[in-house]
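Asks: Residue-level listing of the chains:
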Amino acid sequence: MSEIIPYTVEHRADTGLYNAKMGVWLFLASEVMLFGALFSSYILLRVGAIQWPHGWTLLNVPLATFNTFLLMTSSVSMVMAWVSLKLNDFKKFKLYQGITILLALAFLGVKSIEYRGEFHEQMFPQTNTFLAIYFTLTGLHALHILGGIVVNSYNWGLGSRMWTADPQRFTNRVEVAGIYWHFVDFVWIFLFPILYLS
Amino acid sequence: MIGLQYGITSLVFLLFGFSLMMLMRWQLAFPGQPLPLIGKFFGEANMPGGVMLPEFYNELGAMHGTIMVFLGIVPLSVGAFGNYIVPLQIGAPDMAFPRLNMASYLAYFIGGVVMLASFFVPGGAANSGWTSYAPLSDIASVGQTWWLIGMVFLITSSLLGAVNFIATIFQLRAPGLSFMRLPFFVWAQLVTSFLLLLAFPPLEAAGVMQLMDRLAHTSFFLPSGLAVSGQPLSVSGGGSVLLWQHLFWFLAHPEVYVLILPAMGIVAEIIANNTRKPLWGYRSMVYALIFLGFMSFIVWAHHMFLTGMGTAISAFFQATTMIISIPSVIILTAFFISLWGGSIRFNIPMLFALAFLPMFGIGGLTGLPLGLSSSDIYLHDTYYVIGHFHYIVAPGTIFALFAGIYYWFPKITGRKMNEVLGHVHFWPSLVCMNLIFMPMMIQGLAGVPRRLYDGGAEYTFTQSTIHLNVLMSYAAWIMAIFQIPFIINIVWSLFKKEKIKTDNPWEATTLEWATPTPPPHGNFVKAPVVYRGPYEYSLPGATKDFTPQHQQTINP
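The listed protein sequences derive, respectively, from chains A and B.
Going by the numbering used here, the letters in the first sequence line up with residues 23 to 220, in that order.
Going by the numbering used here, the letters in the second sequence line up with residues 1483 to 2038, in that order.
Hints listed in this document are in silico derivations from the structure and should not be mistaken for laboratory results.
Ideal placement from N, C-alpha and C gives every residue a C-beta, glycine not left out.
Among the hints, a few may not be true.
[Unchecked claim] Away from chain A, derived, C-beta distances all over 10 Å, residues of chain B:
{"hint": "1", "residue": "N1646"}
{"hint": "2", "residue": "T1793"}
{"hint": "3", "residue": "A2024"}
[To be verified] Using C-beta positions, here's what the derived DEER-type ranges look like:
{"hint": "4", "chain 1": "A", "residue 1": "G179", "chain 2": "B", "residue 2": "S1766", "range": "30 to 40 Å"}
{"hint": "5", "chain 1": "A", "residue 1": "Y137", "chain 2": "B", "residue 2": "P1840", "range": "27 to 37 Å"}
{"hint": "6", "chain 1": "A", "residue 1": "H33", "chain 2": "B", "residue 2": "P1931", "range": "57 to 67 Å"}
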């Protein structure tokens, strides 16, 4: 079906993009609005609150710092995976893409340890509005991480068979997944200081 | 293909949403009287002895709004017309992402099923209005949770669709089809898609937060010190009810333009085709459209003048609201001037398109008093508001959609729809529309409040205009009867033997008429090249009065 549609692989001259890359940027624009709305709600709720706890008094900052480090590293390995394909080195791609997935899984693991600690100390979404927005934002972000893991794992495993049939298209796929992955990391770069450090 | 699936599903939902309204109209015209014949089928929980309970009325009201907007008109104007016509008009073989298109339809369908299923859960469907204002919606029965889940599916569907439309229009335009050669319909769909893409996510965020409120017992939209039925609510409090309204209207105002822009696009195509003249002021219309798209993001709080946001904020939003009326006036004026001096063909699509103009005009002009905070405070909770926006959406948008169905039916099926049945459909619908919505304006000016399940019959100040409810209800039911010719027309035309003799029965200029009929897989036999603007009718020196976009010389 898609064979007849132009610009699935090659760039269109006037936009400089292939279709999927344009698609993922548009999708990210909507994601900016999604998280933007939640951040705005955070500001509105905090400004209107009688008292608002500092994040570090309730949350585990060392663990979150470690998580930040994990995600930033995974962004680097994601780029390396894509570059490896550009350099025609499929084995290196498998290695770096695998590292990216493992780092993401580690992030979710650490996050669940954090959650468990908070539940253990009787901190739930219904406890106060700070925790409500904390759980909503980090939960939604975790879902995005999960989505990234699914896509990246597909590209690492079953989907990587496309490399032999259509290497250019497969490289594009990894690039698009990478753009998404950087965005998810980028959101965390905002979440971390706003929720934990302020 | 996906376009047709969208079209059929959304037409069914439109009819269903209309039926909900016809039930409500019985209660408004004859409050407390049992509904004859069918009343007993709605169950003891909703209509004991055929008499409608207030809770059931609220369900019908909320679901009528939701279904008409999110399951009827948007999927029909964007999902169906956009999907079918846009790739044809830009000379593309298909949408940029066919699989995403399928996923979008699937999400829409699931969302629709969830909404329908919610009627059968304990406590019935959502009953906090289509706006789902908190805190009422936070403490409403379980139907509200279903509503939210349904909305998440519908939002997902719209987002996937919007990404697909924008990518398609940017990436798959035929060679030579520059932006200023795009048909106005494509422009309208492009701006609409940007609105959907950027305005829907905040509602998704709000929906997630309301789900958290309802399921995880957070207090995003619940302020401290709330009591329900005399009992203090045991929540942490500290939330903001206005937060929901801001997030909701941040979507729902651009949504208004999502409802109207594709309709304007359809009307533009049909007017240019049937006046046999170029659209007057095509460029200014396009710029007006883009400006309107930008402005629609900064007018949302004019829905909230009653909440007491403060005069400074009200002043800002009423200024932007007055400004946004300018591009709509530009577009409408351009339509009217396009008619000037044309030798107009009065076929069925053109009749609907022509009716759109004054109906949308009435709807738009009656909106101005609502955009000014002082007059809005008086009118906001009255039937005036209902009359105003229904004029835009019902005889406005829905008429344009009818026009589009009559206009593109030959392209889809290879057969023209019947003219006589078209007239039987058009004229009574036009009369009834006005008999339904004009009295609402009169009631609203008299102060009759909206949302009440007896139409405000218990108040003395409503007595002078309350009798109009009977007229409006009869008009609504009669209009329903005159939709039957339309349904018969579709089915009968689908199977009639007489086919159109050419691929371009309306002698139009845009690319969708350059395909075989109906368009095969891949749409075009030979990839088209575009040489000229979209509306080159009656060119000087041409032997025919239309010069298609893909025609290289004036006289081939």
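Asks: Are the hints correct? Go through all of them and say.
Replies: Hint check results:
1. N1646: violated (8 Å)
2. T1793: holds (20 Å)
3. A2024: holds (30 Å)
4. G179/A / S1766/B: 30 to 40 Å: violated (54 Å)
5. Y137/A / P1840/B: 27 to 37 Å: violated (59 Å)
6. H33/A / P1931/B: 57 to 67 Å: holds (58 Å)
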